[in-house]
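Protein chains: 2
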Amino acid sequence: MENTYIENASLSSSSREQYAPWIALSLVAGLGNTMLCQLLLLLKSPEAILAASYAELRDTVSKDVAERIQRAMEHADIAKALDWLEQPDNHLITLADLHYPRRLLETDQPPPLLYAKGNLQILKRPAMAIVGSRHATAQGETTAENFAESLCRAGLAVVSGLALGIDGAAHRGALKADGATIAVVGTGLDIVYPAKHKALAHQIAQHGLLLSEYALGTPSINYNFPRRNRIISGLSEGCLVVEANVDSGSLITAKLAIEQGREVFAIPGSIHSPVSKGCHALIKQGAKLVESTDDILSELRHIRLPNASLADSPNGLIPNWTNLPSEASPVLACMGFDPIFAEQIAARSGLTPGEVSTMLTLLELEGLVSHLANGQFQRLA
Amino acid sequence: MENTYIENASLSSSSREQYAPWIALSLVAGLGNTMLCQLLLLLKSPEAILAASYAELRDTVSKDVAERIQRAMEHADIAKALDWLEQPDNHLITLADLHYPRRLLETDQPPPLLYAKGNLQILKRPAMAIVGSRHATAQGETTAENFAESLCRAGLAVVSGLALGIDGAAHRGALKADGATIAVVGTGLDIVYPAKHKALAHQIAQHGLLLSEYALGTPSINYNFPRRNRIISGLSEGCLVVEANVDSGSLITAKLAIEQGREVFAIPGSIHSPVSKGCHALIKQGAKLVESTDDILSELRHIRLPNASLADSPNGLIPNWTNLPSEASPVLACMGFDPIFAEQIAARSGLTPGEVSTMLTLLELEGLVSHLANGQFQRLA
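These protein sequence lines map, in sequence, to chains A and B. So for the first sequence, this note's numbering puts the first residue at 1; every next one is plus one. So for the second sequence, this note's numbering puts the first residue at 1; every next one is plus one.
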């Protein structure tokens with residue numbers, strides 16, 4: 001894939017001079033990605049845009065924007081961004097960098113400048129977006145976490161949006177594997193939103209990668225989040241929706257993924273659950289119904305996965321329980337597939353609470369049962 | 001649709017002479033539907049087959065079968081079947097009858113003789129098969145019952161196999177509406193299998209219709225059940241699978257439905273539930289994912305439904321609860337979408353057990369909550 005925006009794209013050095021023009025242009029109010037990309041296609045470099053005559057600029061942009069471009073290098077926040085860049089693990093990625101993500105470059109209007117914090121190597125991996133409701137069920141979060149861990153072990157990077165619910169669970173799952181997760185956020189990278197995910201964001205910066213197209217200091221603004229979604233899908237080979245309401249932002253991401261030619265995957269659930277309705281709508285529209293990571297990996301056969309063969313990937317979602325001690329089966333039989341309290345299992349099975357507790361611990365260790373946050377247990381296989 | 005097997009098909013009278021040849025041929029050991037249909041195409045009537053020369057018969061069938069056909073009218077069970085026919089509500093339907101089900105006639109090798117008990121008028125209705133696991137969950141049975149009731153009210157007949165689990169629930173749901181349900185059984189009609197469904201079979205005989213291609217006295221034989229499934233799908237415009245394991249007989253019915261050019265519908269569920277795996281496999285293969293009866297009815301727009309418009313059909317599955325009193329919402333909010341005991345709701349909501357009980361009764365009356373057989377409550381919307 002050639003970079004049509006910049007001729008002779010090169011590996012970036014960390015020199016302040018190299019980045020200042022990109023930062024300056026990204027800070028020009030009213031100069032969106034579309035117009036900046038157009039100017040780059042015309043004038044070939046940010047330096048050339050900054051040096052262009054007013055008349056040249058006016059061919060593409062409005063009077064106000066043209067004037068602001070000519071004064072762009074005076075912006076006080078340029079120095080602030082360059083100072084941020086000098087801190088460890090902070091990076092800027094411009095359209096001129098060879099390690100600008102290839103998949104994102106293929107999309108319409110790729111963001112010309114990305115702020116990044118963490119391990120840039122992760123951008124070399126093929127990636128899968130995992131998104132879903134902020135108001136997910138406990139089961140949905142467990143599912144997102146398991147899928148993310150399993151896909152990560154299979155050699156993919158997991159991309160999501162650091163939101164509460166499914167997004168956070170996806171990042172946590174990838175962190176349980178080797179941490180190859182990318183959080184694309186809708187604020188400046190010096191701000192963590194939501195605040196609840198401060199520790200998670202810190203972990204991602206250490207082991208994974210935080211990405212933003214927004215200038216430092218940009219607060220959480222509602223309309224930035226849907227825009228951010230096109231980067232999530234743009235970075236990825238496909239997009240897995242775990243739980244989503246019919247009016248969920250996740251469906252925007254799925255729609256963008258389809259427009260970008262990405263495969264959309266969705267996990268089904270009960271027809272009585274509102275957070276499955278978005279997934280069901282996607283499946284009706286042609287998204288692939290997904291029960292296990294194999295359903296995703298089989299669609300990605302054309303992609304070379306870097307550090308793991310499919311055979312190595314533990315299918316943590318569908319464990320084999322035929323080898324379990326026979327004492328476990330009455331407990332499993334009493335559980336059904338809905339969350340249940342240990343007391344209910346004891347009442348149903350006739351076992352003592354102690355016996356049930358021992359067996360649940362064993363089953364949890366074997367990955368057959370999950371202990372939910374509300375104290376209930378959920379059978380997983 | 002012309003009847004290619006019989007020229008001048010006529011409304012049946014109940015004369016013993018008319019049915020004896022059909023019964024006689026159906027009792028010939030080794031003469032399957034395929035060969036009997038071939039003989040009918042060649043010789044045009046059962047009387048002609050019985051009067052055919054040995055040489056004529058040998059063109060189509062083996063030595064033994066030819067000899068048995070020539071002695072067919074001597075079979076003692078012919079009188080037994082004719083005596084059965086004289087009892088109220090018992091009927092025989094032959095390929096020569098004008099009310100032989102049209103959809104079944106279009107299939108390969110339609111059964112030449114059907115034993116029927118109940119209301120033959122139901123055969124005039126467009127029908128939908130509802131099938132699924134014998135080992136269904138309580139939720140699955142409720143779903144089957146609700147869909148059957150709703151489709152029946154929309155003017156369809158509900159066809160199933162009288163088995164435990166989903167089949168029985170489908171029949172029960174249709175009986176809650178106007179009873180337009182057809183149970184296609186794998187035994188002789190004088191035998192009820194499974195014995196647990198004796199009362200249900202009796203109700204179906206009173207309000208719906210029992211059908212069998214097997215001679216009276218035929219016990220439950222395993223290999224007859226998959227054969228019976230082709231009649232279930234053959235009678236129907238489409239086939240809805242509610243819950244099914246991957247190795248379920250329901251998938252055989254779905255496969256036959258596809259071969260017969262029928263639409264297949266499947267209800268999704270948790271990826272952790274074994275009884276949803278069959279449905280998910282069908283959806284992956286192209287079956288339509290179904291969340292409500294509207295998803296089915298919208299595919300059947302080309303069919304004229306006899307006694308109800310779609311607008312009349314109460315969508316009992318997705319009730320609108322925005323108009324409920326505000327007192328109900330804390331109870332609903334505490335319930336989640338998994339089955340739960342009233343005591344748990346009280347503990348979660350802080351309401352008294354009495355308040356919870358009142359609210360649950362109200363919600364049940366509104367169709368928003370279902371009271372399960374095990375005493376738990378299930379939120380439905």
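These aren't lab readings, by the way, just hints derived from the structure by calculation. All figures in this text were calculated on a predicted structure; none of them were measured in a lab. Warning: the hint list may mix true and false statements.
Repeated chains share a single entry, so a pair holds when one copy, or any two copies, can fit it.
[Stated by the list, open to error] Under the rule of at most 30 Å between Cα atoms (straight-line distance), these lysine-lysine pairs were calculated in the DSS-like manner:
(1) Lys63 - Lys124
(2) Lys284 - Lys255
(3) Lys255 - Lys124
Unsatisfied constraints (hint numbers, rising): The structure breaks only hint 1.
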